[in-house]
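Based on the provided sequences and hints, a complete structural model is requested.
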Amino acid sequence: MAKVSELRIAGMTLGEITKIYVSSTLGKVSIALFVILIGASIYAAVTLPPNFGSLWNNPLYWQIYPKDAPPAWVNYLSGNGYAPQVMFGREVSTQGSTVRFSFRVDNEYSVPWRDLYIVIKPMSGSSTFTAYLSIRRPDGYVITIGPLLISSMYTEVGTTQQVESQVIQFYLAKYGYMLTVPQGLSAVPYIFSTVSSGSLKPLKGIYVINLTLIANNPSKGIGNRLISLVLEGNVYGLMGTDAVGHDLWLGLLAGFPLSLEVGVVYALISTAIAIAVGLAAGFMGGVVDEVLTRLTDFVILIPAFVILVVLSVLLRLNIWQAMLYLAILSWGGAARIIRSITMQIRTAAYIELAKVGGASNLWILRNHALPQILPYALYLIVVGVPGAILTLAGLNFLNLAGANYPTWGNILYYAEQYGALESGMWWWVVPPGLLIVLVAVTFIVTALAIEPIVNPRLRR
Amino acid sequence: MGVPLLEVRNLSVNYITMRGVVKALDRVSFDLDENETIAVVGETGSGKSTIAKAIVRVLEENARITGGEVIFEGVDVLKLSEEEFRRNYRWVKVAMVPQGSMNSLNPVLRVVDQMIEPLVLRGVPKVDAIKIAGEALESVGLPKDTLNRYPHQLSGGMKQRVIIAMAIQARPKLVILDEPTSALDVMTQANIMNLLKRLKREFKLSYIFITHDLALASELADKVLVLYAGRVAELGSADLVYTDPKHPYTQGLMTSVPTLREDKKLSFIPGEVPSLINPPSGCRFHPRCPYVMDICRREDPPMIDLKDGRKVACWLYH
Amino acid sequence: MSMLRGIALRIINLTVILLVVLIVIAAVLSGPASQVLKDTIQRETSEMVTTIMLHHPMTPAQAEQLKQTIIKQLENAYGLNKPVYIRVFYVLFNILSFNWGFSYYPDAYGVPSGSVVSIIMSALPGTIILDTLGILLSALIGIELGLRAALKYGSLYDRAITYYGAVDSGIPQWWVGILMILVFAVYLRLIHSPIVFPYGGIVDPQYYNVWLYDTAKAFINPKILASLLYHMVLPMLTVFIVNIGGWAYFARSVVLNIIREDYVTFARVKGLPQGQIVSRYIMRPAMPAILTSIFISIPFIIFGGFLLTEAVFQWWGLGYVLNIAIVGVPTPDMPVILADTYMSTLLYIVLVFILEILIYYIDPRIRESQG
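Residue numbers (my numbering), protein chains in the order written: chain W, 831 to 1290; chain B, 39 to 356; chain C, 3 to 373.
Think of the hints as simulated: they come from the structure by calculation, not from any bench.
Where a beta carbon is used, it is the ideal one built from N, C-alpha and C, also for glycine.
A few of these clues could be false.
If the Cβ cut is set under 7 Å, some of the chain W residues that face chain C in the computed set are [what the hints assert, rightly or not]:
1) Leu1144
2) Pro1216
3) Leu1220
4) Thr1221
5) Gly1224
6) Leu1228
7) Val1271
8) Ile1274
9) Leu1278
Derived pair list, reagent style BS3-like, types lysine-lysine, alpha-carbon separation capped at 30 Å [unchecked claim]:
10) B:Lys349 to B:Lys117
11) B:Lys164 to B:Lys131
12) B:Lys235 to B:Lys182
13) B:Lys61 to C:Lys154
14) B:Lys117 to C:Lys154
15) B:Lys131 to B:Lys349
16) W:Lys1004 to W:Lys1031
17) B:Lys131 to B:Lys238
18) W:Lys858 to C:Lys154
Simulated restraints, written as ranges between beta carbons of each label pair [to be verified]:
19) W:Ser1170 to C:Leu227: 41 to 49 Å
20) B:Arg102 to W:Leu1068: 50 to 58 Å
21) C:Tyr159 to W:Ser1170: 26 to 34 Å
22) C:Ile222 to W:Val1260: 38 to 46 Å
23) B:Asn186 to C:Lys84: 55 to 63 Å
24) B:Gly105 to C:Tyr159: 27 to 35 Å
25) W:Phe931 to C:Val198: 50 to 58 Å
26) C:Glu66 to W:Thr958: 51 to 59 Å
27) W:Leu844 to C:Arg262: 25 to 33 Å
28) W:Gly1249 to C:Leu360: 40 to 48 Å
29) B:Asp332 to W:Leu844: 44 to 52 Å
30) W:Leu1068 to C:Val198: 27 to 35 Å
31) B:Val162 to C:Ala10: 33 to 41 Å
32) W:Tyr906 to C:Tyr159: 32 to 40 Å
Laid out in structure tokens, this is it:
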């Protein structure tokens, strides 16, 4: 008779299991993948602001970010010099009505900045400012822009009629060149360009941007404010931006803890149901078994995905509720396995008991069934996660089962809606899918590594 | 008697496993004449089944024949190509009733389909093949309508008979019986043994009868080969081996003869079957041998020819 | 004789399961389904009253009263005022009698009349073609790959297939579709490749009308057929990439178990040639197990995968229609979503049914226990 004094799973101590697991290649890979996932999740939890959801869904916040910009590192790959996003900020605290700063920026890019923003925080409706910009270029010329009325937190400089004509004037005066700025586009790139042999060229070198800000209500003065100049880039950050200007790096990062949590909680719930049903069916036998087996067969047959789609539309499920419904709809396969294991254990245990003398079902359950079923349950949990992650990502791709900020599937939904695909914006469509695959594959590899431990027949 | 039907010369087989190389057979030799039965006797793991698989060349992937010859009617069949051996020997000259014949029938094919396959393969028209199969079934005492059954509809004994019928319908010279009765109850076992005896007479068959059961072997055997840990311990005519065993291991086996069929641990011989990865030095039996001498621990015993024609691998007779 | 009886029993069994699935769906959806019916009644009654007013002028108040009376009668007739558990059966009856109502946004689908039945029916051929061909071909290729891997157990090829098969089940099929479009439709155009693939659709736009209204004719017309095949390349490739691995993985593990069976060794002893052993002694006994294991993963991965793949490729099928009904219109188009659900379920059950019959046919042990 097996002693229960030492904890043994599938006949091995925890130490032995760890040793087998770590010594296999798959085990090592799975541990490495988990370190990445958990590391990214912790990093996301620590670095993302607590109000990330509302931030993400506020288009104003992303206004000054470049739209549809590829990641900054494409410069290294393509050799093109796309100007990245640049931001200068200064905190002021003055009762005076005028402040003046100058910023230096080195334009070493062949594709200059798209636009210029003046950002003033905080900004209340009653106070307005007037801004003048004078930009000294590497060629010694100075472009003067202004006066600009500043009445909101973000002021976009490049597309106003006034700025456009000032830039055109500059070109006419200095180069005798008739510049045309396409309708609706910013004039800012031309500030960083020059005319050589009759055509426009980027002008590289050091630019000094002087900003003069005058409070329109002199009695109030400027006050305590953070004043920033933002040069909108053509490339942005690690992962680029989408059509709204969302920093995709942040969006992707936020997906890590969410998909891990949802996947694992799903697997815990569905496996718990499966164990309850499987154990009951396997142990009680008779009518209970018959009914539960039928129920299991039925649950296996249910087309969970479409039902989930309908429920998500109808009940406006969020991702957690959808996960719960999914768990309720998809425990069948696991229950079938648990039942057959239970049956084996029960019949085997009865033979043993016939020799030793009677004992209750509960005793068999505690001393024979659970120690054998628990490792299998662990395996089922691990196996269950990828399916849930894929199913929920599929729902997210239909813009269903959302969270308060986009999941990876939802980022892909927006990518499709904005035509990211047709315009070849790979940075918007490839990474979210890859991350879904990464999480799913992590659990699959783990399952493969656990399998020989759980299933001794595979041990060699 | 002339040239023997089968000569096995110094056959050695290794299994390559994760734990190391298992020397399953070590220089095993024996002869077999037409219409003669040799019983290969030994404990589980002694290499009995390996002999059978090596002769029909269906060893597992991790097995390697490291030396020796299997000469069938003067031809070393180990040197033939797989295709040539398959075409001219398997089920033509050599048939086999495998160990675990419970599971040797394909569960999704009817008996008739499985029986006529080898015949049809060799050009027998299907109608004739079915007739032959039916007759073969009748000769092993099964009704003809067994043909249309699926294996799961048959009992263990019936399956065993079907396989024996398959073996004899090919009219082979040699049938290898690998533990043909091990999974059957005593009654069925007796029936099968009688059947085998009758078939041997009727069709002039030679048998290699592989078993761990000496008592059973005595019913059929002309010769006995006692295998211990992959080596021949004793080889000789059945009468002599049974009445006057020479090797201490054979002697031990003989005292355990009147036991049940089951694979009984040889409790009177202390110790376990040795590991074939790190076999004991010298004579492999010496840790369990009651007559162990110094030389046994150091040196391999040579194969000693006794006056009565027997061979014994034991220093006692040096 | 006994075999026919067995199949008949199986059919009854599956029909019962189908009914139960439908009842559950009907129960879950009886609320929204009733709403759909109410909307239909409202709409039809308004039309009816308008027509009546042409011949029998009456005051607006009278008209309103008449309308309410008719609505009440119709709602009685349709059982809308009955308790939920009874309404479920009315819903079920409506599902089974194809009484699916009208789309809220008839213009969104390009199918005239806006009747849900015509929308769903026009989408059916697309789904059937992609799903059956996709499942069948990827099964054939996958099983073959898995078999070869098992026969070369431990080789580099075997390991490659194993890892591919394992990882495959963690890849969203629809995302692979997106990648396919990105590479073979977008980037190939960008580099001016002579061969490019369409961004989506089921046939060229000029053939849409033929496809939607007269699908049978579309199959006779070689131009339309060619266009269909051309549009099918990327979706099919997607289906292959994501499904073949799974089939291969299942096939491999089943075959590995069977290869160790005594009857395979015995078949070799019997002198059968390798080809015959593989087909009759390995594949035949393996098929039921392979089919069964795929069985369990169908509702989860394959089924959802196909619907979303259609959406990505704008392949005129149930999945794409579902996609339009959910995100292509201002508010969810409930009648279409419900009908699409019923139809996909039905299709799915038919698929399961075919699988079951297949397993039943191949494995005499199952035949025995059921018959």
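Right, here's what the structure says about each hint:
1. Leu1144: holds (6 Å)
2. Pro1216: Since the shortest Cβ distance to chain C is 5 Å, the answer is holds.
3. Leu1220: Holds. Min distance 5 Å.
4. Thr1221: With a minimum Cβ separation of about 6 Å from chain C (threshold 7 Å), the hint on W:Thr1221 holds.
5. Gly1224: holds (5 Å)
6. Leu1228: The hint holds - W:Leu1228 has a Cβ within 7 Å of chain C, the shortest such distance being about 5 Å.
7. Val1271: Result: holds, 5 Å to nearest chain C Cβ.
8. Ile1274: holds (5 Å)
9. Leu1278: holds (6 Å)
10. B:Lys349 to B:Lys117: Roughly 27 Å separates the two Cα atoms, so the pair holds.
11. B:Lys164 to B:Lys131: holds (21 Å)
12. B:Lys235 to B:Lys182: Within the cut-off at roughly 22 Å; holds.
13. B:Lys61 to C:Lys154: holds (25 Å)
14. B:Lys117 to C:Lys154: With Cα atoms ~24 Å apart, B:Lys117 and C:Lys154 stay inside 30 Å; holds.
15. B:Lys131 to B:Lys349: holds (28 Å)
16. W:Lys1004 to W:Lys1031: Within the cut-off at roughly 15 Å; holds.
17. B:Lys131 to B:Lys238: Within the cut-off at roughly 15 Å; holds.
18. W:Lys858 to C:Lys154: holds (26 Å)
19. W:Ser1170 to C:Leu227: 41 to 49 Å: holds (48 Å)
20. B:Arg102 to W:Leu1068: 50 to 58 Å: This hint holds: roughly 55 Å between Cβ atoms.
21. C:Tyr159 to W:Ser1170: 26 to 34 Å: holds (32 Å)
22. C:Ile222 to W:Val1260: 38 to 46 Å: Holds: the Cβ-Cβ distance is about 41 Å, inside 38 to 46 Å.
23. B:Asn186 to C:Lys84: 55 to 63 Å: holds (57 Å)
24. B:Gly105 to C:Tyr159: 27 to 35 Å: holds (32 Å)
25. W:Phe931 to C:Val198: 50 to 58 Å: holds (52 Å)
26. C:Glu66 to W:Thr958: 51 to 59 Å: holds (56 Å)
27. W:Leu844 to C:Arg262: 25 to 33 Å: holds (31 Å)
28. W:Gly1249 to C:Leu360: 40 to 48 Å: Cβ of W:Gly1249 to Cβ of C:Leu360: about 43 Å, so the range 40 to 48 Å holds.
29. B:Asp332 to W:Leu844: 44 to 52 Å: holds (48 Å)
30. W:Leu1068 to C:Val198: 27 to 35 Å: With a Cβ separation near 31 Å, W:Leu1068 and C:Val198 satisfy 27 to 35 Å, so the hint holds.
31. B:Val162 to C:Ala10: 33 to 41 Å: holds (38 Å)
32. W:Tyr906 to C:Tyr159: 32 to 40 Å: Check passed, 37 Å falls within 32 to 40 Å.
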